[in-house]
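K.L.:
Below are the chains, spelled out letter by letter.
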Amino acid sequence: MNRKLRALIFLCLIPSQAHAYLDPGAGSLLMQSLIAAGMSAFLFLRKPLTIIKNILQSVRRLIGKK
Amino acid sequence: MTKEDSIIKRISASFRDPAGQVYAKDSRIIRSVQTSALDDYRWLVESGCAHALQERGWLIESLPFEDTYGLPNAAMWLQHPRLPIISYPYEWPFALLQEAALLHLDVQLTALNYDLSLCDASAYNIAFHRGRPLFIDVLSFRRYRDGDYWLGNKQFCEQFLHPLLLSAYFGVDFQAWYRGALEGISGADIEALSSWRHWLSPRMLAHVLIPVHLHRRQSRLGMSQPKPMRPLPRSGYQTLLNDLRNWISGLKPQRIISSTWSDYAINNTYMSAEVTIKKDAICRFVSQVRPAVLMDIGCNSGDYSAIALAAGASEVVGFDADRDALDLAVARRREQSLPLLPLYLDAANPSPSQGWAESEREGFGHRFNGDALLALAFIHHLVIGRNIPLSEVVDWLINIAPAGLIEFIPKSDPTVQKMLQFRQDIFPDYFEAAFRKFLESRTRIVSVERISESGRTVYRYERVGK
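Going down the list, the sequences are from chains A and B. Take the first sequence: its position 8, counting from 1, is numbered 7 in numbering that gives the first Met the number 0, and each next residue is one higher. Take the second sequence: its position 396, counting from 1, is numbered 395 in numbering that gives the first Met the number 0, and each next residue is one higher.
Derived by calculation from the structure, the hints in this document are not laboratory data. Backbone N, C-alpha and C fix where the C-beta goes; we use that ideal spot for every residue, glycine too. A couple of the hints might just be wrong.
[Said to hold, decoys possible] Calculated from the model, a selection of chain A residues having no Cβ within reach of chain B, i.e. all distances over 12 Å:
#1 46
#2 48
#3 49
#4 50
#5 51
#6 53
#7 54
#8 55
#9 56
#10 57
#11 58
#12 59
#13 62
#14 63
[Said to hold, decoys possible] Okay, the calculated beta carbon distance ranges per label pair:
#15 51/B x 21/A: 23 to 31 Å
#16 44/A x 202/B: 21 to 29 Å
#17 291/B x 45/A: 54 to 62 Å
#18 44/A x 82/B: 44 to 52 Å
#19 70/B x 46/A: 53 to 61 Å
#20 194/B x 43/A: 33 to 41 Å
#21 36/A x 109/B: 44 to 52 Å
Full structure from sequences and hints, please.
P.N.:
What follows is the structure, given as C-alpha cells:
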C-alpha cells in the first residue's frame, strides 16, 4: 500500500483527534488500542463461549437426570 | 484595592488552550469561550453534569458574563470567583497530589455518565480552595462519543501518576524534579529507575512500562507500519480510570530516611507554659486581625495553623520544607476537616516565575500574599542554617503579609546552640536589637512578648506603607 495512504488511514482511525490540543502520545494510544483489542476479543468470544457453556450445562443436567 | 488590581489582566498560563483565554479582574476570573468550544460547554451545563459536579464541591462555579471591558471577541464570556490561593503541583505534598489525582479521575468518571470526557489531564487545572481540591477549567470538558480514546492519559501519568510513583516506589521526593519538569515526569524516567520487581507488576506494566515501550517502538518505526485503532468501549475507558483510581488511592510515600523536623512536635525545646503563652499570643492576634488568608511559614505539623483557624482565620496556608511534617499537617487537616493547605517550601529557594516566557507559572511572591503571617521559630533556619542576612529575611517575611507575628530566637537558646555546635559562629549581626531595628524600619511594632527564659520573643508587627 502507498505509504502516504497508510499514514492517512492511521490518522483517520484515531478518534476525537479534532479536539485534541495536546499530544496524546503514541504509547498511551497504542496501549488503549491493546485494551480495546482485548475487550473486543472478549466480546467476540463471549457469545460462542456462552453457547458452549449452555450446551455443557444442559448435557450435565441430562446426565444428572439419568 | 490597589491600582494594579483594578486593571484587567490576562492570566499568563492560559495561552495554550484554543478553546478560551482567562483574565483576572478584581475578585473575578473572566473566561472567554471560543465558537469551537461553545457546544461542549453548553452540553456540560444542559446535561446537568456541571450541576452534579458543583453540588459535590468538585467543579468551580461559573456564570455567564456580559463583557463591558471591551475584551477581545469571543462566542461567550463566563465569570468564576477568584480563588485567593493558586498553588502548583510541585508545591503539594504527596497526599495533596494524590487527592488532586483522585479528583481528576472522579470528575472524569462522573462526566462519562453525562457523555462528557476531559480533553486534557493537567494538574494545573486543579486548585486547592479552603483545603479541598477543586477542578477549575470548565473548558476541558468535551462531548464523549462511544469508542473515543482517553487523550489525556499520557498527560495524567506524567503529571499525577509518575510523580506519585517516584515517592511511593522509589523513595524519591517529586517536588524538585517536578519543578524542573513543569509538564510532568516522563514514563522513560520511571522506566530507567525500575528494577525487575516492577516488570512483574501488572499495573506498572499496563500504565507505565508498556506505553513507554510502545511509544519508543512507534517512534522508531515512524508511520511505516501503522496500527489500526479499534474503538475503545466505554467500559474499557471506565476500567482504565477505575484501575488508576484504585492504584493511586493505595499509594503511600516511602521514606527511606526519617526527616529532621518531623519529631519536632514531640521533642521541641519548649516548656508547656511557654507553648501556652505562644498560643495565647496567636489567639489574640488572629481574633483581632480576622485574616481571610493567613500564611504560616514553617508550619511544621500545623499545630499553630490549627490554633489560628480556631481563633478566626478563614483559611491558612502552611509552608514547610519537611515532607514528614507536611504529611502530619495533611493528616490533621483531613481528620479535623480544616481549611488548611500545607505546602512544600524551601524558603531559601522559593518557587520562581517559570515556564514559557518565564511567566507561565508565577513565583512565590506573586501568588502567596496573605492578610496575616505567622513565622514562629523560623528565621534562625534561614539566618543561621542558610547564611541569609537577617535584614533580608525580615524584609522577605513582611512582604508576605501586612500584619504578623515573628518569633526571634536568640543565640543563647538551645535550638540555635545546637545549630552552631559544629560550625563557626559567623553571625555577629544575629541578635535581638538588630532584628528589632530591621523590623522597625518597615513596620510598626504592635507588641513584644517574651515567651521563654532562654529569651525567645514574639514580635507583632503592622506594615507601614507598601
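K.L.:
Are the hints correct? Go through all of them and say.
P.N.:
Results for each hint:
1. 46: holds, 15 Å
2. 48: holds, 17 Å
3. 49: holds, 17 Å
4. 50: holds, 22 Å
5. 51: holds, 23 Å
6. 53: At about 23 Å from chain B, residue 53/A clears the 12 Å cut-off, so the statement holds.
7. 54: holds, 27 Å
8. 55: holds, 27 Å
9. 56: holds, 26 Å
10. 57: It holds; residue 57/A is separated from chain B by about 29 Å at its closest Cβ, greater than 12 Å.
11. 58: Per Cβ check, residue 58/A is outside 12 Å of chain B; nearest 32 Å; holds.
12. 59: Check passes; 31 Å lies beyond 12 Å.
13. 62: Holds, because the least Cβ-Cβ distance between residue 62/A and chain B comes to about 36 Å, which exceeds 12 Å.
14. 63: Label holds. Min Cβ-Cβ 35 Å, cutoff 12 Å.
15. 51/B x 21/A: 23 to 31 Å: holds, 26 Å
16. 44/A x 202/B: 21 to 29 Å: holds, 25 Å
17. 291/B x 45/A: 54 to 62 Å: Given about 58 Å between the Cβ atoms, the range holds.
18. 44/A x 82/B: 44 to 52 Å: holds, 51 Å
19. 70/B x 46/A: 53 to 61 Å: Cβ of residue 70/B to Cβ of residue 46/A: about 57 Å, so the range 53 to 61 Å holds.
20. 194/B x 43/A: 33 to 41 Å: holds, 37 Å
21. 36/A x 109/B: 44 to 52 Å: violated, 27 Å
Hint violations for this structure: number 21 only, all remaining hints satisfied.
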